[in-house]
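Visitor: Input sequences plus hints: build the corresponding full structure.
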Amino acid sequence: MNGLIWTPRLLLAALSVGLGALSLGLALRDAAIFIPIFIALGAAWAYTRHRGRHSIAAALANLTLTATVIGAGVGLLIGAWSALMLASVGATLAAWDLTHFERRMRALARVERAGDIERRHLRWLGAATVGGVILAGLALTIRTTLSFAVVFAVGLLAALALSGMIGALRRE
Amino acid sequence: MTSRATLLSLLITAAFLSGLAVLNGGIIALALPLLIYLGLALVQRPEGIQMTGERSISPDRVAVGEPTTIRLRLTNDGASLSEAYIEDAPAAGLEVISGQTGAIASLAPGESLTIEYVARGPRGVYRLKHAHVVALDGFGLFQRRAAIPAFASLLVQPTTQRLRPIILRPPRTRGFAGPIPSRQGGAGVDFFGLREYQAGDRLRTVNWRAGARYDDRIFSNVFEQERIADIGLILDAREQNDVRTARGALFEHAVQATASLAEAFLDAGNRVGLLVYGGGIESVFPGYGRVQRDRLLRALARATVGHHFIFEKLDRLPTRFFPAQSQIVFVGTLLNDDAPVLGRLRALGYAVLVVSPDPIAFELQTASAGARAQYAIRIARAERRLNLQALRRHGVQVVDWDVTLPLDAAIQAALARQPAQRRTIVRVT
Numbered sequence: 001m002n003g004l005i006w007t008p009r010l011l012l013a014a015l016s017v018g019l020g021a022l023s024l025g026l027a028l029r030d031a032a033i034f035i036p037i038f039i040a041l042g043a044a045w046a047y048t049r050h051r052g053r054h055s056i057a058a059a060l061a062n063l064t065l066t067a068t069v070i071g072a073g074v075g076l077l078i079g080a081w082s083a084l085m086l087a088s089v090g091a092t093l094a095a096w097d098l099t100h101f102e103r104r105m106r107a108l109a110r111v112e113r114a115g116d117i118e119r120r121h122l123r124w125l126g127a128a129t130v131g132g133v134i135l136a137g138l139a140l141t142i143r144t145t146l147s148f149a150v151v152f153a154v155g156l157l158a159a160l161a162l163s164g165m166i167g168a169l170r171r172e
Numbered sequence: 001m002t003s004r005a006t007l008l009s010l011l012i013t014a015a016f017l018s019g020l021a022v023l024n025g026g027i028i029a030l031a032l033p034l035l036i037y038l039g040l041a042l043v044q045r046p047e048g049i050q051m052t053g054e055r056s057i058s059p060d061r062v063a064v065g066e067p068t069t070i071r072l073r074l075t076n077d078g079a080s081l082s083e084a085y086i087e088d089a090p091a092a093g094l095e096v097i098s099g100q101t102g103a104i105a106s107l108a109p110g111e112s113l114t115i116e117y118v119a120r121g122p123r124g125v126y127r128l129k130h131a132h133v134v135a136l137d138g139f140g141l142f143q144r145r146a147a148i149p150a151f152a153s154l155l156v157q158p159t160t161q162r163l164r165p166i167i168l169r170p171p172r173t174r175g176f177a178g179p180i181p182s183r184q185g186g187a188g189v190d191f192f193g194l195r196e197y198q199a200g201d202r203l204r205t206v207n208w209r210a211g212a213r214y215d216d217r218i219f220s221n222v223f224e225q226e227r228i229a230d231i232g233l234i235l236d237a238r239e240q241n242d243v244r245t246a247r248g249a250l251f252e253h254a255v256q257a258t259a260s261l262a263e264a265f266l267d268a269g270n271r272v273g274l275l276v277y278g279g280g281i282e283s284v285f286p287g288y289g290r291v292q293r294d295r296l297l298r299a300l301a302r303a304t305v306g307h308h309f310i311f312e313k314l315d316r317l318p319t320r321f322f323p324a325q326s327q328i329v330f331v332g333t334l335l336n337d338d339a340p341v342l343g344r345l346r347a348l349g350y351a352v353l354v355v356s357p358d359p360i361a362f363e364l365q366t367a368s369a370g371a372r373a374q375y376a377i378r379i380a381r382a383e384r385r386l387n388l389q390a391l392r393r394h395g396v397q398v399v400d401w402d403v404t405l406p407l408d409a410a411i412q413a414a415l416a417r418q419p420a421q422r423r424t425i426v427r428v429t
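Protein sequence lines, in the order shown, are assigned to chains E and W.
Every letter in the first sequence is one number past the one before it in my numbering, and letter 147, counting from 1, is 147.
Every letter in the second sequence is one number past the one before it in my numbering, and letter 325, counting from 1, is 325.
A hint or two may mislead.
[What the hints assert, rightly or not] Computed footprint of chain W on chain E, listed as stretches where at least three residues anywhere in the stretch have a Cβ under 8 Å from a Cβ of chain W:
#: 1; region: 40-47
#: 2; region: 66-75
#: 3; region: 86-94
#: 4; region: 121-130
[Unchecked claim] A few chain E positions that, by computed beta-carbon distances, are all more than 12 Å from chain W:
#: 5; residue: Ile5
#: 6; residue: Leu12
#: 7; residue: Gly20
#: 8; residue: Phe34
#: 9; residue: Ala61
#: 10; residue: Val150
#: 11; residue: Ala153
Since the hints were derived computationally from the structure, they do not count as laboratory data.
Note that beta-carbon positions come from the ideal geometry of N, C-alpha and C, so glycine has one too.
Guide: Here is the structure:
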């Protein structure tokens, strides 16, 4: 396992939570027709990973993450519980990241201090997913009324920031 | 930026636009975990790779099939690298038999990583130049690549066979004592001739029987001086002369024979040079001793078959490379046009020895000879026999070598059969 202890366990847990939350949210809004698609994708992902076909598992992870984001969006449109949808996206994102991390760690036979690399990765991943889900949750719960000028200013700031970031990345 | 980063960017954009299109803030909020993830990856992205590499190969000179240990040490001189993929690139042809050529590591500033593996390879000179490093952010979304210079070279030299002393009689020898009869009278072992007694001759050299025929004269025995000689090795590397089968290339046997001959001649104290004649001309100027042995083996390790229309025939041999009246040893299979050229060398005053690996016997090791093929084999054998006879008529010594047999036995058998060389220069001092 290249010295990875927590990654395989957390991966399966995150995958189960992500797809379970999505399925539950859709099922509660009478949209269970989509659930077999997500279950099949998740099962294929877990199976190929278990069989050591990591490149196929990584491709299925990409597909499942895309499907989950679309499914969560559809769920929000039909009135599904937004907390479940957010948890689904956050957990699937974590599972997707861990699948690719595990694949990278298997690319070479020798990993120096694998435990340290794994712990650091999990810390950053935890910060990203938990922070992202909390922020999104706040965005969904906090309701404020802004004037058009403020909205325009915030939008302009966001556009400028995005443009600056793209420019910096291109320069690199 | 990797394909995963692109996928994330597309999902974020799609969620944002979809949310705007259907006027649903929840869908835009779905993009936030992805956006935070992408942002953290951007924060961690590697600034650059500043590393220094040192490589050592021990031993850096091995024979074919012998293992050598390659050690690569990389030191991170720049910022911390959270995930670095380090892969050494062994030169093409080298086979790694143990150890790992790559590693994944997290390198703090000033920290080093050592990669060590054991490899072996076929004959050749291998130059190991770079180690490849890929640095990733913690999430693997952004990467930087660099080739870190770490130069070292490995010489896999041809295997050699130990040869017994080879009897050569070049027309001219050099001034130092050695194993080759010099056709000159003086101190030696073998009887060379008689001359009239001179004051100072030792009594034990006086030939009393010859003196008994005369009343007033006595004679002294003169012995043949033994000296070292200039020997020029020519390795035929023309592509059209090579034969390749499932068991390998006949050229490899020619290289081994040349290396064995070079060692034998140098061990006897001779001055040996080398000319590799094929796709071009590579030469090692004649020299003595251990340094010259290294030069010759290095040149032989590099030797490959090649084709050049100028060097398709042997008539472009640069004869001025070899000292006049020296010994030339040609190693290679023979084409029909080669015998006259080698005969011309003989006419120019060189002593010529041809060691010719038998291509027919070599090819028959793997090819199944049917009834029809038997005719072809007979014709090929007859043609080769004629070529070798033509060489012998020119006064060239020929060793027809079946490569399944030891070279030493072939040389001793062939040279023992050779008629005694005429003494073209007889000088009694």
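Visitor: Please flag the earlier hints that this structure goes against, numbers listed from lowest up.
Guide: Structure breaks hints 1 and 9.
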